[in-house]
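Student: Quick mapping for you: the protein sequence lines, in order, are chains X and G.
Going by my numbering, the final residue of the first sequence carries number 218, and the count climbs one at a time with no gaps.
Going by my numbering, the final residue of the second sequence carries number 218, and the count climbs one at a time with no gaps.
Hint data in this document are derived by calculation from the structure and do not stem from the laboratory.
Note that the coordinates shown come from a computational prediction; the quantities given were computed from them, not determined experimentally.
Be aware that one or more of the hints could be misleading.
[Claimed, not checked] If you want a taste of the chain X side facing chain G, the calculated C-beta under 8 Å gives, among others:
(1) A39
(2) S43
(3) E190
(4) A194
(5) I205
(6) K210
[As the list claims (entries may be wrong)] Straight line, CA to CA, 25 Å or less: simulated SDA-like cross-link-like pairs of lysine to any residue:
(7) K34/G <-> K29/X
(8) K137/G <-> E207/X
(9) K210/G <-> Q111/X
(10) K119/G <-> E200/G
(11) K210/G <-> I110/X
(12) K137/G <-> L187/X
(13) K117/X <-> A194/G
(14) K115/G <-> P121/X
(15) K210/G <-> A167/X
(16) K204/X <-> K9/G
(17) K102/X <-> L187/G
(18) K210/X <-> K210/G
(19) K117/X <-> V179/G
(20) K210/G <-> G84/X
(21) K210/X <-> G142/G
(22) K117/X <-> N166/G
(23) K10/X <-> V179/G
(24) K102/G <-> L177/X
(25) K9/X <-> K210/G
(26) K9/G <-> K210/X
(27) K9/G <-> Q111/X
(28) K29/X <-> E190/G
(29) K137/G <-> A152/G
(30) K119/G <-> V57/X
(31) K10/X <-> S132/G
(32) K210/X <-> D175/G
(33) K9/G <-> P121/X
[Unchecked claim] Now the stretches of chain X that chain G is said to cover, found in silico as 3 or more residues with beta-carbon under 8 Å:
(34) 110–120
(35) 128–135
(36) 170–183
Ideal Cβ positions, reconstructed from N, Cα and C, are used throughout, including at glycine.
There are 2 protein chains.
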Amino acid sequence: MEKKGILIVLSGFSGAGKGTVVKRLLQKYDEYALSISMTTRAPRPGEKDGVEYFFTTREKFEEIIVRNGLIEYALYCGNYYGTPREYVEEKLSAGKNVILEIEIQGALKIKEKFPESLLIFVTPPSVMELKRRLEGRGTEEPEVIARRLARAAEESEGINAYDYIVVNDDLEVCVDEVHRLVDEARRAPVRSQEFIGKIREELKGFAKGADS
Amino acid sequence: MEKKGILIVLSGFSGAGKGTVVKRLLQKYDEYALSISMTTRAPRPGEKDGVEYFFTTREKFEEIIVRNGLIEYALYCGNYYGTPREYVEEKLSAGKNVILEIEIQGALKIKEKFPESLLIFVTPPSVMELKRRLEGRGTEEPEVIARRLARAAEESEGINAYDYIVVNDDLEVCVDEVHRLVDEARRAPVRSQEFIGKIREELKGFAKGADS
């Protein structure tokens, strides 16, 4: 009911296809924008600044932390990862739904700071299918696949913190479902505070008027 | 993702048209069932047993309380009101979404006992419109209307406890929206515990297998 965009956190098991879901969502619907994280880790071969990440130095990253320029950040394996505030706030104000593709720790931090954010967890229809997709890439050693599945087992403990689970079986169905969930999310009180406030005020006005 | 029906609590201001919404929902979609409350108050002229309420005696009502036959009950102005358990459980098991048209106190009790229930609050688009509808009935004294608006002001304080607010401006739009919200509600973790449990178990199985 309000015009501000919704802050969406999209997480999911490695192999759930969340990157593809995000890409298709941006392509198919106008009202989304993708937030790009900032990191101090070195770019891998083929990674471009401003595409996979904004790459920066530790010194600059810490400067940005100090001036409150990130809405969340974390230190993983000696490298910082964070979400730049300016882009997110600008897009939300312009009515775009901003997508953060981050992991559960980041997701929980976002929910704490922004209770009106929407947390969506993308999962394949079954674990067999997840394994098949990881193996199907054909590029990974069995140990890497085993590690990813072990990691997924850990991540699965956090699913209850999400607002919704979406099954990515058919891509188009999944994308449309995410879109519908975002749309319906506007009907939750936490995202309708302006409307609720207005109704309350007007009702109090009438109740007062009736007293006198 | 599970086949059990969803327990839906529908509340809303007097004049929001929730009765009409429920009637149309039952008419339009097969998968809903309406729970009829039980009360010890006397039937008003025109009210029929099993339509507006199940009318019963205080003695029988208390017997039903004792044998845990109600999923919630309350005492208002010396009369009991409650929701019979059997009908609700039977219909939910059969995959029907069961609608309870009750007030906020009852709604909160239901949510406490059944965290997977879905609480929907129906509101007119504005307070002006609410006032217009109450006056439009043409049968009420100004004092009655003023009392209803004062009551609505009180009720509006509880809206945040609901999962969703639906605006009843155009009836068909409103009914379809309720239907969509109920459908999407299945994607919330609280209503997907079977699916989540299965994924977790399977992932643990694979993680174990990889260890050995």
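Student: A separate judgement is required for each hint: does it hold in the structure or not?
Tutor: Here's how the hints hold up against the structure:
no.: 1; hint: A39; in the structure: violated, 23 Å
no.: 2; hint: S43; in the structure: violated, 25 Å
no.: 3; hint: E190; in the structure: holds, 5 Å
no.: 4; hint: A194; in the structure: holds, 6 Å
no.: 5; hint: I205; in the structure: holds, 6 Å
no.: 6; hint: K210; in the structure: holds, 5 Å
no.: 7; hint: K34/G <-> K29/X; in the structure: violated, 36 Å
no.: 8; hint: K137/G <-> E207/X; in the structure: holds, 14 Å
no.: 9; hint: K210/G <-> Q111/X; in the structure: holds, 21 Å
no.: 10; hint: K119/G <-> E200/G; in the structure: holds, 19 Å
no.: 11; hint: K210/G <-> I110/X; in the structure: holds, 19 Å
no.: 12; hint: K137/G <-> L187/X; in the structure: violated, 32 Å
no.: 13; hint: K117/X <-> A194/G; in the structure: holds, 16 Å
no.: 14; hint: K115/G <-> P121/X; in the structure: holds, 24 Å
no.: 15; hint: K210/G <-> A167/X; in the structure: holds, 20 Å
no.: 16; hint: K204/X <-> K9/G; in the structure: violated, 39 Å
no.: 17; hint: K102/X <-> L187/G; in the structure: holds, 22 Å
no.: 18; hint: K210/X <-> K210/G; in the structure: violated, 55 Å
no.: 19; hint: K117/X <-> V179/G; in the structure: violated, 31 Å
no.: 20; hint: K210/G <-> G84/X; in the structure: violated, 29 Å
no.: 21; hint: K210/X <-> G142/G; in the structure: holds, 21 Å
no.: 22; hint: K117/X <-> N166/G; in the structure: holds, 17 Å
no.: 23; hint: K10/X <-> V179/G; in the structure: holds, 23 Å
no.: 24; hint: K102/G <-> L177/X; in the structure: violated, 29 Å
no.: 25; hint: K9/X <-> K210/G; in the structure: violated, 43 Å
no.: 26; hint: K9/G <-> K210/X; in the structure: violated, 43 Å
no.: 27; hint: K9/G <-> Q111/X; in the structure: violated, 32 Å
no.: 28; hint: K29/X <-> E190/G; in the structure: holds, 22 Å
no.: 29; hint: K137/G <-> A152/G; in the structure: holds, 9 Å
no.: 30; hint: K119/G <-> V57/X; in the structure: violated, 47 Å
no.: 31; hint: K10/X <-> S132/G; in the structure: holds, 20 Å
no.: 32; hint: K210/X <-> D175/G; in the structure: holds, 22 Å
no.: 33; hint: K9/G <-> P121/X; in the structure: violated, 30 Å
no.: 34; hint: 110–120; in the structure: violated (count 0)
no.: 35; hint: 128–135; in the structure: holds (count 4)
no.: 36; hint: 170–183; in the structure: holds (count 5)
When held up to the earlier numbered hints, the structure conflicts with 1, 2, 7, 12, 16, 18, 19, 20, 24, 25, 26, 27, 30, 33, 34 and fits the remainder.
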